[in-house]
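Chemist: Read off the chains here:
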Amino acid sequence: MSHWRKKTLDIGCFVGSRTVRDHTKRLVFEQHEAERQALRYVIRNTSLPARARAEAQLQLQQMSNYTRPTQIRNRCTIGGHTRGVFRDFKMSRFNFRMQAMAGVLPGVKRASW
Amino acid sequence: MSVPRSRMLDLMKAQCQVFATTYNPDGLRLGNKVLRQRLRGPALASYYPRKVATVKMMNQMFGMKVPKGTEENEETGSSDRSLATWDDAEEDRTTYVEELKARGKGNPKKKKEAVVKTKGFGKKKK
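These protein sequence lines are chains A and B, in that order. Under the numbering used here, the residues of the first sequence are numbered 1 to 113, in order. Under the numbering used here, the residues of the second sequence are numbered 1 to 126, in order.
Bound conformation, chain A alone (with noise of 0.2 Å):
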């Protein structure tokens, strides 16, 4: 699949091969998308004849992985972990803690009641 990825490298975080991996993954679906729906709308259209419908089908399975929206999945920008990932900031629970603590986040602060 290395025929997907970048011939030069546009990320600015950190940099290892998953998410490097991840990344040509999220471009690739965004170049697909249009197409993927077209063929998800003649799937769901019962009005279309069967055959056409079936069609739509294989082609859409016969579409690499790459095109795949299940396939992306959130890594933290600062390790690339996976697990523990907060969405609003792109960063895993550990790195979120040493940043916030760090004070590098913005209208983050430690809870104290």
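Quick caveat, the hints were computed from the structure, so don't treat them as lab data. A few of these clues could be false.
To be verified - Calculated lysine-lysine pairs in the DSBU-like style (CA-CA distance at most 30 Å, straight line):
id	chain 1	residue 1	chain 2	residue 2
1	B	K111	B	K56
2	A	K7	B	K112
3	B	K110	B	K56
4	A	K90	B	K51
Said to hold, decoys possible - Only some residues are given here: those of chain A computed to face chain B with a beta carbon under 8 Å:
id	residue
5	F29
6	E30
7	R40
8	I72
9	N74
Stated by the list, open to error - Sample of chain B residues facing chain A (criterion: CB under 10 Å; computed from the structure):
id	residue
10	L28
11	R29
12	K33
13	Q37
14	G41
15	A45
Backbone N, C-alpha and C define an ideal beta-carbon position, used for all residues, glycine too.
Chain A is already provided as a structure; the job is to place chain B on it using the hints.
Modeler: Chain B alone, transformed into the frame defined by chain A:
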């Protein structure tokens, strides 16, 4: 007071025209919900922050890229060398390569003729 079904359908039709929706009184599955969905590609693709202006890029844009022999301030491209900055990493790399070459450990020079591929090239099969 009951309203006849045909009248209700007419109302529905008018409603669909006004709000630009599909007139579908029988509740058939026409897959319109797929078309109504928003595209989420742009949002997903912009997840990772992009690289912004590295030293190398700046040097390529301003000054360093000027080919030899061309005079400065010509109409072809920018040639203001004063804007070129110090690239630490590149400097490190070049000094390292020079050091290797001085010790005779550098990369071999590129061959001018095309290398003829021999048959027994690659890993031997057992």
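Chemist: Does A:R40 hold up as a contact with chain B if the rule is Cβ-Cβ below 8 Å?
Modeler: holds (5 Å)
Chemist: Against the 30 Å threshold, does the CA-CA distance of A:K7 and B:K112 hold or violate the hint?
Modeler: OK: A:K7 and B:K112 at ~27 Å, within 30 Å.
Chemist: B:K111 and B:K56 were given as a pair; does the straight-line alpha-carbon distance stay at or below 30 Å?
Modeler: At roughly 29 Å apart (the allowed maximum being 30 Å), B:K56 and B:K111 satisfy the hint.
Chemist: Does A:F29 meet its interface restraint, that is, does its C-beta lie within less than 8 Å of any C-beta in chain B?
Modeler: Holds, because the Cβ-Cβ distance from A:F29 to chain B comes to roughly 6 Å (cut-off 8 Å).
Chemist: With chain A as the partner, please determine if B:L28 meets the hint condition of a C-beta pair closer than 10 Å.
Modeler: holds (6 Å)
Chemist: For the hint on A:N74, just tell me whether its beta-carbon gets within less than 8 Å of chain B.
Modeler: For A:N74, the interface hint holds, since the closest Cβ of chain B sits about 7 Å away, which is under 8 Å.
Chemist: Going by Cβ atoms only, is B:A45 closer than 10 Å to chain A?
Modeler: Hint on B:A45: holds, closest Cβ of chain A at ~4 Å, below 10 Å.
Chemist: For the hint on A:E30, does the least C-beta distance to chain B fall short of 8 Å?
Modeler: holds (3 Å)
Chemist: Mind checking the CB of B:G41 against every CB in chain A and telling me if the closest is under 10 Å?
Modeler: holds (3 Å)
Chemist: Was the hint right that B:Q37 lines chain A, CB cutoff 10 Å?
Modeler: holds (7 Å)
Chemist: Quick one, is the B:R29 hint okay against chain A at 10 Å, beta carbons?
Modeler: holds (5 Å)
Chemist: Just to be careful: measuring from the Cβ of A:I72 to every Cβ in chain B, is the smallest value less than 8 Å?
Modeler: holds (6 Å)
In summary, this structure violates none of the numbered hints.
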